[in-house]
Amino acid sequence: MSVCIDNCEVIENSQVAENIYFLKTVAPNIAREVYPGQFCNILVSDYGTPLLRRPFSVAFREKNIIGFLYDIVGMGTELLSKVDVGEKISIEGPLGNGFNIDGSLEVALLLGGGIGIAPLPFLREKLQKRGINTLTFWGSKTSGKLNLSLFDNIYFATDDGSEGFQGNVVESVGNLWSSISHANLKAYACGPTPMLIAAQNFFQEKNVPLEISVESRMACGFGICQGCPIKSADSDEYKLVCKDGPVFNSKEVVL
Amino acid sequence: MSVCIDNCEVIENSQVAENIYFLKTVAPNIAREVYPGQFCNILVSDYGTPLLRRPFSVAFREKNIIGFLYDIVGMGTELLSKVDVGEKISIEGPLGNGFNIDGSLEVALLLGGGIGIAPLPFLREKLQKRGINTLTFWGSKTSGKLNLSLFDNIYFATDDGSEGFQGNVVESVGNLWSSISHANLKAYACGPTPMLIAAQNFFQEKNVPLEISVESRMACGFGICQGCPIKSADSDEYKLVCKDGPVFNSKEVVL
Amino acid sequence: MSDVNLSVKIGSLELKNPVMLASGTVGYGEEISRIVDLTQVGAIITKSISLEPRKGNPPERIWETSSGMLNAIGLANIGLKRFVDEKIPFLEKINTTVICNIAASSFDEYAECVKSLKDIETIKAFEINVSCPNVKDGGLLFGNDINAVREITSLLRPITDKPLIIKLSPNTASIKDFAQAVKEEGADAVSAINTLVGTAFNIYTRKPRIKNITGGLSGPAIKPVALAKVLEISRDVDIPVIGVGGISSWEDAAEFIIAGASAVQIGTANFVNPKISEEVIEGLRSYCTAMNISDINDLVASYTL
Amino acid sequence: MSDVNLSVKIGSLELKNPVMLASGTVGYGEEISRIVDLTQVGAIITKSISLEPRKGNPPERIWETSSGMLNAIGLANIGLKRFVDEKIPFLEKINTTVICNIAASSFDEYAECVKSLKDIETIKAFEINVSCPNVKDGGLLFGNDINAVREITSLLRPITDKPLIIKLSPNTASIKDFAQAVKEEGADAVSAINTLVGTAFNIYTRKPRIKNITGGLSGPAIKPVALAKVLEISRDVDIPVIGVGGISSWEDAAEFIIAGASAVQIGTANFVNPKISEEVIEGLRSYCTAMNISDINDLVASYTL
Ligand SMILES: Cc1cc2nc3c(=O)[nH]c(=O)nc-3n(C[C@H](O)[C@H](O)[C@H](O)COP(=O)(O)OP(=O)(O)OC[C@H]3O[C@@H](n4cnc5c(N)ncnc54)[C@H](O)[C@@H]3O)c2cc1C
Ligand SMILES: Cc1cc2nc3c(=O)[nH]c(=O)nc-3n(C[C@H](O)[C@H](O)[C@H](O)COP(=O)(O)OP(=O)(O)OC[C@H]3O[C@@H](n4cnc5c(N)ncnc54)[C@H](O)[C@@H]3O)c2cc1C
Ligand SMILES: Cc1cc2nc3c(=O)[nH]c(=O)nc-3n(C[C@H](O)[C@H](O)[C@H](O)COP(=O)(O)O)c2cc1C
Ligand SMILES: Cc1cc2nc3c(=O)[nH]c(=O)nc-3n(C[C@H](O)[C@H](O)[C@H](O)COP(=O)(O)O)c2cc1C
Ligand code: FES
Ligand code: FES
Numbered sequence: 046m047s048v049c050i051d052n053c054e055v056i057e058n059s060q061v062a063e064n065i066y067f068l069k070t071v072a073p074n075i076a077r078e079v080y081p082g083q084f085c086n087i088l089v090s091d092y093g094t095p096l097l098r099r100p101f102s103v104a105f106r107e108k109n110i111i112g113f114l115y116d117i118v119g120m121g122t123e124l125l126s127k128v129d130v131g132e133k134i135s136i137e138g139p140l141g142n143g144f145n146i147d148g149s150l151e152v153a154l155l156l157g158g159g160i161g162i163a164p165l166p167f168l169r170e171k172l173q174k175r176g177i178n179t180l181t182f183w184g185s186k187t188s189g190k191l192n193l194s195l196f197d198n199i200y201f202a203t204d205d206g207s208e209g210f211q212g213n214v215v216e217s218v219g220n221l222w223s224s225i226s227h228a229n230l231k232a233y234a235c236g237p238t239p240m241l242i243a244a245q246n247f248f249q250e251k252n253v254p255l256e257i258s259v260e261s262r263m264a265c266g267f268g269i270c271q272g273c274p275i276k277s278a279d280s281d282e283y284k285l286v287c288k289d290g291p292v293f294n295s296k297e298v299v300l
Numbered sequence: 046m047s048v049c050i051d052n053c054e055v056i057e058n059s060q061v062a063e064n065i066y067f068l069k070t071v072a073p074n075i076a077r078e079v080y081p082g083q084f085c086n087i088l089v090s091d092y093g094t095p096l097l098r099r100p101f102s103v104a105f106r107e108k109n110i111i112g113f114l115y116d117i118v119g120m121g122t123e124l125l126s127k128v129d130v131g132e133k134i135s136i137e138g139p140l141g142n143g144f145n146i147d148g149s150l151e152v153a154l155l156l157g158g159g160i161g162i163a164p165l166p167f168l169r170e171k172l173q174k175r176g177i178n179t180l181t182f183w184g185s186k187t188s189g190k191l192n193l194s195l196f197d198n199i200y201f202a203t204d205d206g207s208e209g210f211q212g213n214v215v216e217s218v219g220n221l222w223s224s225i226s227h228a229n230l231k232a233y234a235c236g237p238t239p240m241l242i243a244a245q246n247f248f249q250e251k252n253v254p255l256e257i258s259v260e261s262r263m264a265c266g267f268g269i270c271q272g273c274p275i276k277s278a279d280s281d282e283y284k285l286v287c288k289d290g291p292v293f294n295s296k297e298v299v300l
Numbered sequence: 023m024s025d026v027n028l029s030v031k032i033g034s035l036e037l038k039n040p041v042m043l044a045s046g047t048v049g050y051g052e053e054i055s056r057i058v059d060l061t062q063v064g065a066i067i068t069k070s071i072s073l074e075p076r077k078g079n080p081p082e083r084i085w086e087t088s089s090g091m092l093n094a095i096g097l098a099n100i101g102l103k104r105f106v107d108e109k110i111p112f113l114e115k116i117n118t119t120v121i122c123n124i125a126a127s128s129f130d131e132y133a134e135c136v137k138s139l140k141d142i143e144t145i146k147a148f149e150i151n152v153s154c155p156n157v158k159d160g161g162l163l164f165g166n167d168i169n170a171v172r173e174i175t176s177l178l179r180p181i182t183d184k185p186l187i188i189k190l191s192p193n194t195a196s197i198k199d200f201a202q203a204v205k206e207e208g209a210d211a212v213s214a215i216n217t218l219v220g221t222a223f224n225i226y227t228r229k230p231r232i233k234n235i236t237g238g239l240s241g242p243a244i245k246p247v248a249l250a251k252v253l254e255i256s257r258d259v260d261i262p263v264i265g266v267g268g269i270s271s272w273e274d275a276a277e278f279i280i281a282g283a284s285a286v287q288i289g290t291a292n293f294v295n296p297k298i299s300e301e302v303i304e305g306l307r308s309y310c311t312a313m314n315i316s317d318i319n320d321l322v323a324s325y326t327l
Numbered sequence: 023m024s025d026v027n028l029s030v031k032i033g034s035l036e037l038k039n040p041v042m043l044a045s046g047t048v049g050y051g052e053e054i055s056r057i058v059d060l061t062q063v064g065a066i067i068t069k070s071i072s073l074e075p076r077k078g079n080p081p082e083r084i085w086e087t088s089s090g091m092l093n094a095i096g097l098a099n100i101g102l103k104r105f106v107d108e109k110i111p112f113l114e115k116i117n118t119t120v121i122c123n124i125a126a127s128s129f130d131e132y133a134e135c136v137k138s139l140k141d142i143e144t145i146k147a148f149e150i151n152v153s154c155p156n157v158k159d160g161g162l163l164f165g166n167d168i169n170a171v172r173e174i175t176s177l178l179r180p181i182t183d184k185p186l187i188i189k190l191s192p193n194t195a196s197i198k199d200f201a202q203a204v205k206e207e208g209a210d211a212v213s214a215i216n217t218l219v220g221t222a223f224n225i226y227t228r229k230p231r232i233k234n235i236t237g238g239l240s241g242p243a244i245k246p247v248a249l250a251k252v253l254e255i256s257r258d259v260d261i262p263v264i265g266v267g268g269i270s271s272w273e274d275a276a277e278f279i280i281a282g283a284s285a286v287q288i289g290t291a292n293f294v295n296p297k298i299s300e301e302v303i304e305g306l307r308s309y310c311t312a313m314n315i316s317d318i319n320d321l322v323a324s325y326t327l
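Those sequence lines, one after another, are chains C, G, V and D.
Just so you know, we're using my numbering here: the first sequence kicks off at 46 and counts up by one.
Just so you know, we're using my numbering here: the second sequence kicks off at 46 and counts up by one.
Just so you know, we're using my numbering here: the third sequence kicks off at 23 and counts up by one.
Just so you know, we're using my numbering here: the fourth sequence kicks off at 23 and counts up by one.
Hints listed in this document are in silico derivations from the structure and should not be mistaken for laboratory results.
Beta carbons: idealized from backbone N, C-alpha and C, even for Gly.
Take the hints with a grain of salt, since some may be wrong.
Stated by the list, open to error - Using 20 Å as the maximum straight-line C-alpha spacing, the simulated DMTMM-like pairs for lysine to aspartate or glutamate come out as follows:
1. V:Lys77 with G:Asp279
2. V:Lys229 with D:Glu108
3. D:Lys38 with D:Glu108
4. C:Lys171 with C:Asp129
5. V:Lys229 with D:Glu53
6. C:Lys284 with D:Glu108
7. G:Lys127 with C:Asp129
8. V:Lys103 with G:Asp116
9. G:Lys284 with V:Glu52
10. D:Lys103 with C:Glu208
11. G:Lys284 with V:Glu53
12. C:Lys284 with D:Glu114
13. D:Lys77 with C:Glu107
14. V:Lys103 with G:Glu282
15. D:Lys103 with C:Asp205
Said to hold, decoys possible - Across the chosen pairs, the derived CB separations fall in these ranges:
16. C:Ser280 with D:Thr61: 48 to 58 Å
17. D:Arg179 with G:Ile242: 49 to 59 Å
18. C:Glu107 with G:Lys186: 40 to 50 Å
19. G:Lys108 with V:Pro75: 16 to 26 Å
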């Protein structure tokens, strides 16, 4: 398993929803290796500010191209949104461990909360290629359609009910639960911690295996700084989000 | 005398010679006040790196527009060159003391070395408006025509003789000396220190008054940090380049 | 929305708000008054004054570093007499609270400066610079020696009733011991921090970027260090702390106040944005309103560790 | 163009070049070896090892600041036994010079660690972390107490013939006294500097950004301070100095060497660009060639003040 650091040409960097940008870059070395749930560490400025790279899940892969979905939340993402098509940015990856697709899996539930939707399109594509049925649920505060085919066939849940189910994304799964096939089911979730906890509780009760992609502040992103600990469920130790995760079996870690 | 800090729209930022960029901005408050030889302090990044503003002489003024000529020499000027037309940048000015135009002046010699040409077009325009004859000399390493009408009617000097006089700019003045009127003459020079020293020697010998625009690293640019001292010729004290200069009578300071 | 009380007290000194302009970064107020309305700030602190004028160090005096700058101005100042004759009249006129910063190279000089200035009404408090790292005999030696700092404080305390603020050096292992010492000698407050000692070299000439060899590091780069020093004092010593070091936004100012500062000073940021103090004051006001804090004094040292 | 000699000696330790990877910023070499060719670097310095494993501090452990970062990892490490069993075999294999960094909470623990590790051939030298500011009983207390640092050195010196490098804390007024002290006790070199103590607060929760309250500041922000400490030691104490603090380019490395460092360590920059060490080595080589320096040792402390 090797990690690349490449200067990748940006071929798209546009707003696709109110708070979401889509970044597409030519990154053959990373594209060749990456699998869903892994992330890349992007240097958003060549001038030293911000100092550290920013981690983003890979949302899209097609041949030698990888794509990211991101939210503008601070200086790093603001600077990233200003990168022009044709410019090059330094991308390090693929990093971390991605989602596991068990051999027996027949139906996969994909739950995204807010920008936590990011890793799911790539995962969904992979699942579908393997012939696994996928149901994708996306929860957000309010409606704000995505101008992107990546997001076809999605069950929406909005806090204000302005689109789809009114309520959170886990509740929207619950709402459809009777119609969701129960055999060889597995759930995958990515989003803010309260959502992940809700998903943990829900699927634990239903006895459905759940994998979660968690976040943490990171310095290195590949296991050398020990900056990204998460409590292990079965011992007093810490796991590292960047190296042991960011995808964990939801029973492995304490949120 | 008041100093403004305005967010000014960039209306041009293009390369006009191999090493020279021309930046034009809408800056009504500064344009109203500024006179030749004064400078502005430009914030080249909103993200804190580089930390300090960068000083640039005003090269051009037309109604509410001011323009700058700059060289890319480091991070700050590199970032400045990346500002797109339509973006806004924070400009502080006008700062410092500009060139003095004595009432009796009839012929003015303007000498620029390298990017030291920057303040001269604005000075020349002012002189010409007052009906004063101007002769502009510009020295640079090698030829590299300026794609800018600001630079019409210039005597070129190049180190390699690839254009105009072969030699430095002061020598090129010397070369024409016999044909230059001597009555009520004054010289203005801006450029690297060795050039200014050569000019000092030359005009001192000819008994022609000389004003020079000098450079110094600056932190504040308006007299509060004391970071930009230059030795005074007539006492053991320092003058401040930003506040007492950047234009000095060449006999006032020790280069 | 009710009005937020931003006024604070440092000893007997009342300030309309906790935002001051730091010594050496506003001169004597004249130049910056053309850009910012000085009547709005809590106080301005003069460039360090010494008994005799100092012409300062030869150039280069400054060098920019990552998110910071080095300076070795060498305490260039016009000296006490010219300060009184030329600057006080202006300062009187502009109707702002003036704190006079004093730097000296001997105990006697400190005492003499305070004696000569104590009756000037315009000067509302003294800030004693024991920590300037630039001038050998007035800088590091005093500032890093707890006994010297203690002695200076005990020497100056009887001379004036005006608030006495000791500005501490960060170039020490335990700043709280210094704060404790000056508290015991009757100082009204401490300012923390002065600049960190730093340097830079030109790799082609192999000469220091600053003629004085080392300079004082200031700016956002040092903010975490300054904040830790403020917290260290605030946790252990019962004396008002004036926080200074890298403050460039109202958020930074709020951070210092939360960490224990009763007031803050803005230094290097004035160079980048001379209007910063107004923005910080307005920002603090809105923040307090949003956080339902009616008195900024309630924010001081309000951390939960 | 003749070849430039980049090899340097630190005591009896020969390094193929002066560029090392700093403790705590390369783990035990495994992860970073997937990105960079570790056989090219002068040495790698392990994460601090203690006698028993330490799980480290709870999150958050890191926070980014202007041109820097705070960390309070809490010396998380797998402990001496697992280090020997699990990491040494890998380190043996990769054919790079390994320096083992040791952190301990008592004199005895330091001694025991060195005793247990001294015969492991793969370990070519020891770097003693007396300065980590994160763990109360093993950090600040030792690092800022000159007598403790002296005692640790004199305790460890007789235990091993391998080079003993003492890593000094910058959180002190006079680092040269520490360098002098460890020199007198027979240390082969000092590393300067470890991180500066810093903190940051969330102004909405009013909690520290780092669970441990304070953390160690590293990165470009501290470069001027580190450089001044290296210069301070180099001017006054005759002991090899290994420069560390904010190095992010070959120019930075050259600056440290000119200021007196016999070798350098790269820390935080590895996080941003794990290939940085290779770039620094190549950059130093080209620089020496361009400057007509045939032996990098001629660059060490070659400043003109
Ligand atoms: C493995 C991983 C995958 C991620 N994938 C994506 C993605 O696909 N799309 C996306 O938009 N974001 C993703 N994130 C979050 C993204 O890294 C942060 O939003 C980004 O680093 C913020 O940088 P900034 O400079 O804009 O904000 P900052 O100024 O650094 O911070 C602004 C806000 O963002 C939060 N934040 C900052 N860094 C992180 C972090 N590392 N983890 C969590 N929260 C953070 C802060 O708490 C703060 O509220 C991911 C994070 C991780 C750890
Ligand atoms: C009053 C004044 C007017 C100026 N007018 C112009 C102008 O019209 N056009 C123009 O191109 N430049 C002008 N300069 C110089 C300009 O300010 C610098 O080139 C610029 O600040 C460099 O910034 P940087 O970040 O790109 O380079 P840095 O990375 O800061 O430095 C790169 C190089 O530039 C030199 N340099 C940096 N700052 C200064 C400075 N303040 N003075 C002199 N040299 C410096 C350094 O020695 C170094 O060699 C002027 C400077 C002053 C003081
Ligand atoms: C150019 C400059 C000059 C300074 N001069 C003085 C001084 O004369 N007296 C003093 O006590 N502090 C002086 N300082 C220190 C500042 O008052 C302040 O303590 C320090 O810069 C840290 O704050 P900052 O990071 O906001 O600048 C000076 C700082 C700078 C940058
Ligand atoms: C995340 C992190 C962990 C560190 N862990 C250690 C450690 O275990 N032992 C040690 O001696 N130094 C440790 N350091 C300090 C570095 O080795 C180095 O001295 C410091 O970071 C300054 O260098 P830099 O600015 O290049 O990072 C650590 C630094 C960082 C950033
Ligand atoms: S971010 Fe460095 S170990 Fe995870
Ligand atoms: S640059 Fe600050 S006084 Fe001149």
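Hints versus structure:
The hinted pair formed by Lys77 of chain V and Asp279 of chain G meets the criterion: a straight-line CA distance of about 14 Å does not exceed 20 Å. Distance hint between Lys229 of chain V and Glu108 of chain D is unfulfilled; the C-alpha atoms sit about 47 Å from each other, more than 20 Å. As the CA atoms of Lys38 of chain D and Glu108 of chain D are separated by approximately 26 Å, the hinted pair breaks the 20 Å bound. Under the criterion of a C-alpha separation no larger than 20 Å, the hint pairing Lys171 of chain C with Asp129 of chain C is inconsistent with the structure, at around 30 Å.
Proximity of Lys229 of chain V to Glu53 of chain D is assessed by CA-CA distance (about 39 Å); at most 20 Å being required, the pair is judged violated. In summary, the hint linking Lys284 of chain C to Glu108 of chain D is supported, as the alpha carbons are separated by about 18 Å, within the 20 Å threshold. A hinted pair counts as satisfied when its Cα atoms are at most 20 Å apart, and Lys127 of chain G with Asp129 of chain C qualifies at roughly 11 Å. A threshold of 20 Å between alpha carbons decides the hint, and for Lys103 of chain V with Asp116 of chain G the separation of about 44 Å lies outside it, so the pair is violated.
Straight-line distance between C-alpha atoms of Lys284 of chain G and Glu52 of chain V comes to about 17 Å, which keeps the hinted pair within the 20 Å bound. Annotation: proposed proximity of Lys103 of chain D to Glu208 of chain C is violated, straight-line Cα distance about 58 Å (limit 20 Å). Distance hint between Lys284 of chain G and Glu53 of chain V is fulfilled; the C-alpha atoms sit about 15 Å from each other, no more than 20 Å. Under the criterion of a C-alpha separation no larger than 20 Å, the hint pairing Lys284 of chain C with Glu114 of chain D is inconsistent with the structure, at around 26 Å.
For a cut-off of 20 Å, the pair hint linking Lys77 of chain D to Glu107 of chain C is broken: about 41 Å separates their Cα positions. Restraint check for Lys103 of chain V and Glu282 of chain G: the C-alpha separation of about 17 Å stays at or below 20 Å, so the hint holds. Among the hinted pairs, Lys103 of chain D with Asp205 of chain C is inconsistent with the structure: their alpha-carbon atoms are about 56 Å apart, more than 20 Å. Distance hint for Ser280 of chain C and Thr61 of chain D: a CB-CB separation of about 35 Å, inconsistent with the stated range 48 to 58 Å.
For Arg179 of chain D and Ile242 of chain G, the Cβ-Cβ distance of about 58 Å falls inside the hinted range of 49 to 59 Å, so the restraint holds. The given range of 40 to 50 Å is respected by Glu107 of chain C and Lys186 of chain G, whose C-beta atoms sit roughly 49 Å from each other. Look at Lys108 of chain G against Pro75 of chain V: about 45 Å separates their beta carbons, and that is not inside 16 to 26 Å.
Taken one by one, the earlier hints fail for this structure at numbers 2, 3, 4, 5, 8, 10, 12, 13, 15, 16 and 19, listed in ascending order.
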